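The sequence shown runs 519 to 692 under this note's numbering.
A portion of the hints provided could be inaccurate.
As the list claims (entries may be wrong) - DEER-style ranges, computed between Cβ atoms:
no., residue 1, residue 2, range
1, VAL573, GLU692, 15 to 25 Å
2, THR585, ALA669, 15 to 25 Å
3, GLY592, PRO679, 11 to 21 Å
4, ALA668, ASN608, 13 to 23 Å
5, ASN568, ALA624, 30 to 40 Å
6, ALA683, ARG634, 25 to 35 Å
7, ILE684, LYS629, 14 to 24 Å
8, ASN568, ASP635, 35 to 45 Å
9, PRO679, ASN568, 29 to 39 Å
10, VAL623, ALA669, 15 to 25 Å
11, ASN568, GLY628, 14 to 24 Å
12, ASN608, GLU692, 29 to 39 Å
13, ALA683, GLY620, 29 to 39 Å
Said to hold, decoys possible - 16 Å max Cα-Cα, derived EDC-like pairs, lysine to aspartate or glutamate:
no., residue 1, residue 2
14, LYS618, GLU569
15, LYS590, GLU644
16, LYS686, GLU586
17, LYS596, GLU644
18, LYS688, ASP673
19, LYS686, GLU591
20, LYS618, ASP583
21, LYS588, ASP606
22, LYS594, GLU692
23, LYS602, ASP577
24, LYS584, GLU665
25, LYS588, ASP635
26, LYS688, ASP622
27, LYS590, ASP622
28, LYS686, GLU665
29, LYS590, GLU665
30, LYS594, ASP646
31, LYS618, ASP578
32, LYS618, ASP577
33, LYS686, GLU644
34, LYS604, ASP673
35, LYS686, GLU569
36, LYS618, GLU644
37, LYS594, GLU644
38, LYS629, ASP606
39, LYS602, ASP578
40, LYS588, GLU663
Derived from the structure by calculation, the hints contain no laboratory data.
Model, not experiment: these values are computed from the prediction.
All C-beta atoms, glycine included, are put in the ideal place defined by N, C-alpha and C.
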Amino acid sequence: MSKLKMIVVSMIFLGLLASCGGEKKKEKEKEGFSYETKSDAKEEVKEDSNEANIVLVGDDLMKFDKTEIKAKEGQKVKLTLRHKGKMDINVMGHNVVILKQGVDVATFAGKAATARDTEYIPAGSEGDIIAHTKLIGGGQTTSIEFEAPAAGTYDFICSFPGHYAIMKGKFIVE
Numbered sequence: 519m520s521k522l523k524m525i526v527v528s529m530i531f532l533g534l535l536a537s538c539g540g541e542k543k544k545e546k547e548k549e550g551f552s553y554e555t556k557s558d559a560k561e562e563v564k565e566d567s568n569e570a571n572i573v574l575v576g577d578d579l580m581k582f583d584k585t586e587i588k589a590k591e592g593q594k595v596k597l598t599l600r601h602k603g604k605m606d607i608n609v610m611g612h613n614v615v616i617l618k619q620g621v622d623v624a625t626f627a628g629k630a631a632t633a634r635d636t637e638y639i640p641a642g643s644e645g646d647i648i649a650h651t652k653l654i655g656g657g658q659t660t661s662i663e664f665e666a667p668a669a670g671t672y673d674f675i676c677s678f679p680g681h682y683a684i685m686k687g688k689f690i691v692e
């Protein structure tokens, strides 16, 4: 059996063994970003012109529901990532990483693939990242708040190993 088929079969098997759920927990603030992770994927999004409420949904098929998200320069952004799948974080974990302009996506993703202990955010990459969510598994939701950067177009990816090629999009700041 080819190596790729073996990996896919292993991921499916591990996903079937993994359990879903968990309780809501507030993560400590880190580097000026506040994280919240919870297993209930339902969350109301309020309308506020001073805040961009962006919701991205990932799944077990390694897809985001949007490939383009928008905000205004200097606007407060609340980015919520929902994982509607069932697979465990170790098998099909997802995050959202918004990269600064000029950062090579493939190079960043290559470094991220070896950064398991830091949720696939490479140590020393703070200068390459505008913002990133926590890594979550099936049935979980996480949010982050940050200020939108200067007007321009920025890449966003899931930095879990191998996901960046499919789970990617553009963050457009107007």
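> For the pair supplied as a hint, LYS629 and ASP606, is the alpha-carbon distance within the 16 Å limit?
Replying inline: Roughly 22 Å between the alpha carbons, so the hint for LYS629 and ASP606 is violated.
> If you draw a straight line from the CA of LYS618 to the CA of GLU644, is it 16 Å or shorter?
Replying inline: Roughly 10 Å separates the two Cα atoms, so the pair holds.
>> Does the beta carbon distance between ASN568 and ALA624 stay inside 30 to 40 Å, or does it fall outside?
In response: 36 Å, holds
> Has the given pair, LYS686 with GLU665, been kept, meaning a C-alpha gap of at most 16 Å?
Replying inline: 20 Å, violated
> Has the given pair, LYS584 with GLU665, been kept, meaning a C-alpha gap of at most 16 Å?
Replying inline: 20 Å, violated
> Does the Cβ distance between GLY592 and PRO679 fall inside 11 to 21 Å?
Replying inline: With a Cβ separation near 34 Å, GLY592 and PRO679 fall outside 11 to 21 Å, so the hint is violated.
>> Would the hint linking LYS602 and ASP578 be met if the CA-CA limit is 16 Å?
In response: It holds: about 8 Å lies between the C-alpha atoms, which stays within 16 Å.
> Going straight from one Cα to the other, do LYS688 and ASP622 come out at no more than 16 Å?
Replying inline: 14 Å, holds
> Are LYS594 and GLU692 close enough, with their CA atoms no more than 16 Å apart?
Replying inline: Cα-Cα ~13 Å, so holds.
>> Hinted pair, alpha-carbon criterion (16 Å max): LYS686, GLU586. Please report holds or violated.
In response: It holds: about 9 Å lies between the C-alpha atoms, which stays within 16 Å.
>> Does the beta carbon distance between VAL573 and GLU692 stay inside 15 to 25 Å, or does it fall outside?
In response: Given about 19 Å between the Cβ atoms, the range holds.
> Between LYS618 and ASP578, does the CA-CA distance stay at or below 16 Å?
Replying inline: Roughly 27 Å between the alpha carbons, so the hint for LYS618 and ASP578 is violated.
Hints 3, 4, 6, 11, 13, 14, 15, 17, 19, 20, 21, 24, 25, 27, 28, 30, 31, 32, 33, 34, 35, 37, 38, counting from the list given before, are not met by this structure.
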